[in-house]
Structures are given as C-alpha cells and as structure tokens.
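Protein chains in written order, with our numbering: chain E, 680 to 793; chain U, 225 to 343.
Think of the hints as simulated: they come from the structure by calculation, not from any bench.
Any given hint could turn out to be false.
Said to hold, decoys possible - Derived DSSO-like pairs (lysine-lysine); straight-line CA-CA distance at most 27 Å:
| no. | chain 1 | residue 1 | chain 2 | residue 2 |
| --- | --- | --- | --- | --- |
| 1 | U | Lys235 | E | Lys736 |
| 2 | E | Lys785 | U | Lys295 |
| 3 | U | Lys281 | E | Lys716 |
| 4 | E | Lys719 | U | Lys235 |
| 5 | E | Lys682 | E | Lys719 |
| 6 | E | Lys720 | U | Lys235 |
| 7 | E | Lys719 | U | Lys238 |
| 8 | U | Lys281 | E | Lys682 |
| 9 | U | Lys281 | E | Lys785 |
| 10 | U | Lys281 | E | Lys720 |
| 11 | E | Lys716 | U | Lys235 |
As the list claims (entries may be wrong) - Derived list of chain U stretches under chain E, where covered just means 3 residues or more per stretch with a C-beta under 8 Å from a C-beta of chain E:
| no. | segment |
| --- | --- |
| 12 | 262-270 |
| 13 | 290-299 |
What the hints assert, rightly or not - Away from chain E, derived, C-beta distances all over 10 Å, residues of chain U:
| no. | residue |
| --- | --- |
| 14 | Thr244 |
| 15 | Leu285 |
| 16 | Leu320 |
It should be emphasised that the depicted structure is a prediction, and the values quoted were computed from it without experimental measurement.
Backbone N, C-alpha and C define an ideal beta-carbon position, used for all residues, glycine too.
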Amino acid sequence: EDKVVQSPLSLVVHEGDTVTLNCSYEVTNFRSLLWYKQEKKAPTFLFMLTSSGIEKKSGRLSSILDKKELFSILNITATQTGDSAIYLCAVEANSGGSNYKLTFGKGTLLTVNP
Amino acid sequence: DTGVSQDPRHKITKRGQNVTFRCDPISEHNRLYWYRQTLGQGPEFLTYFQNEAQLEKSRLLSDRFSAERPKGSFSTLEIQRTEQGDSAMYLCASSLARDAQRVLTNEQFFGPGTRLTVL
Chain E
680 EDKVVQSPLS LVVHEGDTVT LNCSYEVTNF RSLLWYKQEK KAPTFLFMLT SSGIEKKSGR
740 LSSILDKKEL FSILNITATQ TGDSAIYLCA VEANSGGSNY KLTFGKGTLL TVNP
Chain U
225 DTGVSQDPRH KITKRGQNVT FRCDPISEHN RLYWYRQTLG QGPEFLTYFQ NEAQLEKSRL
285 LSDRFSAERP KGSFSTLEIQ RTEQGDSAMY LCASSLARDA QRVLTNEQFF GPGTRLTVL
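Generate the whole structure from the sequences, applying the supplied hints.
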C-alpha cells in the first residue's frame, strides 16, 4: 500500500523565521510529488516535482525532490502570518494502465505568530 | 468563477438518511476525483472518473457509497444509510489528462468541499 509520511505534524514559528517541511514516501510506480497548501477550505496547488535535484521556486517557497532517498522538502523563508496553513504532500502513482491516483500525507500544520 | 464547484457546502443529516453531493469540475477537465478528509488527516482517495467512466474505486468506498458522472461533466456522490463515521469533508477535484497514454500533468484542482455531519 502506498504511504506518504510528513513531518513534523505541527510547527509554531515567529514571523521572519525559515521553516523546512518534510515528506517521505513509499509508493509503487511513482510519477510525481505534489505540495498543496490548505487553509480553511480546499487544498490549493503549490508545486509538482517529477525530477530529482531540480528546485522549484515560487516567491518565498521552494521545494526539491530526492527520488533516490524518496523524500521531498518544502522550504518557506521569511515566514508571514498568512503562511499559516496545513501543508499537504501528495504522491501521484500509476495504479495500473493509465490510472493515476494521489496518496496524501496527514499534513503539517504551520502556525506563524506575529 | 471557472473553478471546481461543489454543492451543498454543508450538510447535516440524521443517521440512516441518504445524502447526495454534486461536483462541477473545470469545464475542459476530463478527470474527476472524489476524496474524503477527516480532521487531522490528509484527503483520502475514494474514486475517480475519466469522462463518464469510473476507472478506480478505493477499498474505503463501501457499498453504501455510489458515484456517477453520467455525461462526463458533473458528478454526484451518494451515501445511503449514513452513519456517524461518514462525517467528514468530501472534496472533489478535477484535472486534464491529454490522452490515455501520455498524461503530461495531473495537477488536480480542488473544489471547496462539502462538509457532512451525521447526527
């Protein structure tokens, strides 16, 4: 059974701090790893990673994938209170034929205090 | 608004009743997914459709759950004889698969969810 484990499960920091969120996975037929941000509603897409060692960056957020060690990290620099959310890691795997599905981790609850 | 929409946003029902949720995906998206999310957990895959065909169902989906996508556009998820354990957020997502063999991206866009409370 596919498994995605995120750590830490929760984190409290002060504005301006830098945080690193971790995601490790065990899946069969890996295709991609995705990061989502979830505030009070539905998850919103942040990054999709398919290749090892290539950093994806969007503003203060960046992410990288290591397919050999089966993990990814999400970095947020100069955190702001608006970064407070649950950050979800999901792995897309081929479940047969052209069928793909996402397996999510439990998420990391990030709280940024002013 | 051209995103994924879900209706209703909230549903409170008594144990034993049937409920039906609707999801309208982004119009050009051919894949539609249903997930369930409970407090402290990430979304759990339930089922997905490519056009009108239901291609995969999770073992989580008991026989009380049924999903349809009759014309390959909107989808419905019905839960019969609801139980308290069915209380959760039900999320719908859609994506575009360009063809069956070469799925270039499977970025899934999520709707706002339907929060179900079974009393």
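A quick look at each hint next to the structure:
1. With a C-alpha separation of about 39 Å, the suggested pairing of Lys235(U) with Lys736(E) is violated against the 27 Å cut-off.
2. A distance of roughly 34 Å separates the Cα atoms of Lys785(E) and Lys295(U); the hinted pair therefore is violated under the 27 Å criterion.
3. Of the pairs offered as hints, the one joining Lys281(U) and Lys716(E) holds, with about 25 Å between alpha carbons and a cut-off of 27 Å not exceeded.
4. Among the hinted pairs, Lys719(E) with Lys235(U) is consistent with the structure: their alpha-carbon atoms are about 17 Å apart, no more than 27 Å.
5. At most 27 Å may separate the alpha-carbon atoms for a hinted pair to count; Lys682(E) and Lys719(E) meet this at roughly 25 Å.
6. At most 27 Å may separate the alpha-carbon atoms for a hinted pair to count; Lys720(E) and Lys235(U) meet this at roughly 15 Å.
7. Using a Cα cut-off of 27 Å, the hinted pair Lys719(E) and Lys238(U) holds, with the two alpha carbons roughly 25 Å apart.
8. Restraint check for Lys281(U) and Lys682(E): the C-alpha separation of about 18 Å stays at or below 27 Å, so the hint holds.
9. For the given pair, Lys281(U) sits about 21 Å from Lys785(E) by alpha-carbon distance, which is consistent with the 27 Å threshold.
10. Between the alpha carbons of Lys281(U) and Lys720(E) the distance comes to roughly 24 Å, so the proposed pair stays at or under 27 Å and holds.
11. Taking the CA atoms of Lys716(E) and Lys235(U), the gap is about 24 Å. The hint holds against a cut of 27 Å.
12. Evaluation of the coverage hint for the segment 262-270 of chain U: fulfilled, as 6 residues show C-beta separations to chain E shorter than 8 Å, against a requirement of three.
13. Residues of the segment 290-299 of chain U lying with their CB closer than 8 Å to a CB of chain E number 0, which falls below the three-residue condition for coverage.
14. Every beta carbon of chain E lies more than 10 Å from that of Thr244(U), the smallest distance being close to 19 Å; the non-interface claim holds.
15. A cut-off of 10 Å between C-beta atoms confirms that Leu285(U) is not in contact with chain E; the least separation is 13 Å.
16. Distance to chain E confirms Leu320(U) as a non-interface residue, since its nearest Cβ pair spans about 12 Å, more than 10 Å.
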